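There are 2 protein chains.
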Amino acid sequence: MREEIEKRIEDIAELYRSGDYIFSPEILEGLKPPDMAEIITALDMGVGLAFFKSIDLDLSAEIFPVLDEGVAREFLEELEPETIALLVNKMVSDNAADTINLIPSEKIPLVLEKLNREDYRDIVALLEFNEDSAGGIMARELLVIKKDITIGKAIDFVRAEVETVKNIQNLYVVDKEGVFLGIVPVVNLIIENPEKRVDEVMDVDIEKVNVEMDQEEVAAIFSKYDLYSVAVVDGKGKLLGRITVDDIIDVIEDEANEDISRMAGTGDEEFWARSPLMLAKARIPWLIAALFGGIGSAMVLNGFRESLETVLSLAFFVPVITAMGGNVGIQSSTIVVRELATGAFNPSETARKIFRELKVSLLNGGLLGSILFIVVVIWLRDYRLATLLGLCLFCVVSWATIVGTLVPLLLNKINIDPALATGPFLTTFDDILGIIFYLGIATIFLKWFAGG
Amino acid sequence: MREEIEKRIEDIAELYRSGDYIFSPEILEGLKPPDMAEIITALDMGVGLAFFKSIDLDLSAEIFPVLDEGVAREFLEELEPETIALLVNKMVSDNAADTINLIPSEKIPLVLEKLNREDYRDIVALLEFNEDSAGGIMARELLVIKKDITIGKAIDFVRAEVETVKNIQNLYVVDKEGVFLGIVPVVNLIIENPEKRVDEVMDVDIEKVNVEMDQEEVAAIFSKYDLYSVAVVDGKGKLLGRITVDDIIDVIEDEANEDISRMAGTGDEEFWARSPLMLAKARIPWLIAALFGGIGSAMVLNGFRESLETVLSLAFFVPVITAMGGNVGIQSSTIVVRELATGAFNPSETARKIFRELKVSLLNGGLLGSILFIVVVIWLRDYRLATLLGLCLFCVVSWATIVGTLVPLLLNKINIDPALATGPFLTTFDDILGIIFYLGIATIFLKWFAGG
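Chains as they are written, first to last, in my numbering: chain L, 1417 to 1868; chain V, 1417 to 1868.
Worth flagging that the hints you see were computed from the coordinates, not collected in a lab. Possibly wrong hints are sitting among the right ones.
One copy or two, it doesn't matter: identical chains are merged, so the pair holds either way.
[Unchecked claim] Distance condition first, Cα-Cα at most 16 Å in a straight line; then the derived EDC-like pairs of lysine to aspartate or glutamate:
| hint | residue 1 | residue 2 |
| --- | --- | --- |
| 1 | Lys1582 | Asp1642 |
| 2 | Lys1530 | Glu1557 |
| 3 | Lys1654 | Glu1632 |
| 4 | Lys1640 | Glu1485 |
| 5 | Lys1640 | Asp1484 |
| 6 | Lys1523 | Glu1442 |
| 7 | Lys1448 | Asp1621 |
| 8 | Lys1775 | Asp1535 |
| 9 | Lys1863 | Glu1608 |
| 10 | Lys1640 | Asp1451 |
| 11 | Lys1562 | Asp1615 |
| 12 | Lys1582 | Asp1619 |
| 13 | Lys1469 | Glu1498 |
Model, not experiment: these values are computed from the prediction.
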């Protein structure tokens, strides 16, 4: 079944790509909007856009929100403001706001002025919230009922509204001022007595989130309490919208992609940019930083020129020291960064975690230092160099562990994304300090080394 | 509200930790099972276990499945088989099976023989599926109705069963043989005429997954189609269970953690192991691999001893070449690895992606090579060394890009986790080849360099 669909997507994309096609709705029969979005993504920009334009408005308004971000941006650059406004009018409020956020900024007013009056208010209200906040990901469409109506009336209300709201799981109960009180799951409408008032049967012990809460925090709440949807309220407790779990899945995936792109030393564009120039731009700042780090290492090595001329073998082990420092630093920082990002980090355990990392580094540093000692003794038959290298490696491992654990915590404290600590910046820093430490000690004991 | 709960969790954990506590249910009032799990995780093993044992069985069966994996494993080692069986009896089938999978293997038969007879069959059936398959994450509890009953009867059925199944969103419709036909969303029970048969109103155009499908693939389907739950069927289409989106969130987070731990060069235990010894064990294989890679680099450098003795400055730029090769390789491999893991990779685009990476590397390699050329000219006033370094960097960047893109694709083809390509293995490999390339060319042109 699944393979069939994948196969069909491939075939259709191939057909369109070859230029040998007639745009006909039949060809898409049985496929859902996300499948069509996949076809469009697989096509070249021009063909994809022509295909998209050939689809009727209702369907294309469903396809657009599930397009790749990079493709969506390209389309919004090309499409007329009128066409975009027609599309946006057909979307639910959160998708509409997300779409407007992708439009090139000079075009936004042109689109906004062409929206329906009623949509306009909902969408502009959403645009005012930070894109990464609960307000930025919530939808305004939800079924709201007053606390003093009966279950029977609530059922009538659901019947009347079932076409306007997707995924109806809960009714949201408010008081006269619009303050959120609780929910009535749809299944309870069936099992409760229709004469009862909703505030007699509503579930009050449920999670709600403030409209300004960061989306990562919202995601952590969904994940912790296994939620399907959550009410969004303002500072006074007034109900503003709801967030559903399908949007949270996007947040969790984006968050993981963000962590991963930082670790890889590249921008978030990595996951949606399509043009080589954009990708190159996303990656180059990190590479330039790493290049200057490397040049810094070269300068440090130049500073130890005399020692290296005396004992050239010292230079051979520079890659060992730098590689191990970098690897150990990334191991230690990654777990901290990830726990901070997913909300799993418990501040009361900070000291315990640092202490634990220290123990790990003593264990591994001891083992690695010993291995290096033995290898150097066997290979070069030089006990002095072996001792120096074994001890240095032990120190570098311990020290990179501590730096790797502390730096993300400090960055987090001063509100800088701790994920930066897992990228090339920290490893470059570790490299330079590792070389200074290693050759510094070697230079101090140089006479002893040179066999004096 | 949220902060209050966090604060209370901290206070209670602190109270228990201090030893100055009386186990009383009141202290936990207003907290939900995931909050209590958080308290237990923040406590030392002994105190946490004593606390857990003091909680009544119904509640502790809700807490256990949301405990940290590391804590859960520790508890299962300590608890009597009888106690574990009592807990497992109270859990829904998928949590029960997950719990049994964490029990030390010698203890599993002791627990299984103490289970209720009816639970036993459901759980053993689940245990037979691969833990990472749809069967491994599905629950057996769901509301199944025959296709020829009326909506009215279906409503009666929901009323009778509402206590036994959580999160009722859909009824699952089957034929006489138990073959899955479609779903009836609960909200449709309200809006449809009670006289109609369910097969007249059921939704047939919905996603279902085979019981053997890999959980990552299931997660990709949830994410693509914005699903809340999905029916799981066997090869003949028989309905076996359902997977709900809360379990999919766990899959997505685990998957991201797995990618991230591979990139960091550590085992998956990183995210749940609590003892330093276990963490050290998870990390050491990667470090030993990197250490031998570093020793390999040292040997390669030793092989170029003569060249380095002639022009010592060559050695200073080894860290530049290795660091840049590593960084570029990780950038290119990460995106491929991530797309493969999340199902976003479209095989028909392979050639286009490789070609795009090549363009990116030409752009960035050219820029980085030029920067290095200029810096070396200014710093060392050595045009020859600058030319060598600029060209070598350009080549290493291009080459690391191609290797970084192709290696994960090849690993994937031969069914090895492509995420291994983002860890220390690839960077170590890049390091050694980068050094050979750089010093190899330098040696060929050595006379020219040495100013001959």
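Enumerate the violated hints, using their earlier numbering and listing them in ascending order. Hint check: 2, 3, 6, 8 and 9 fail, others pass.
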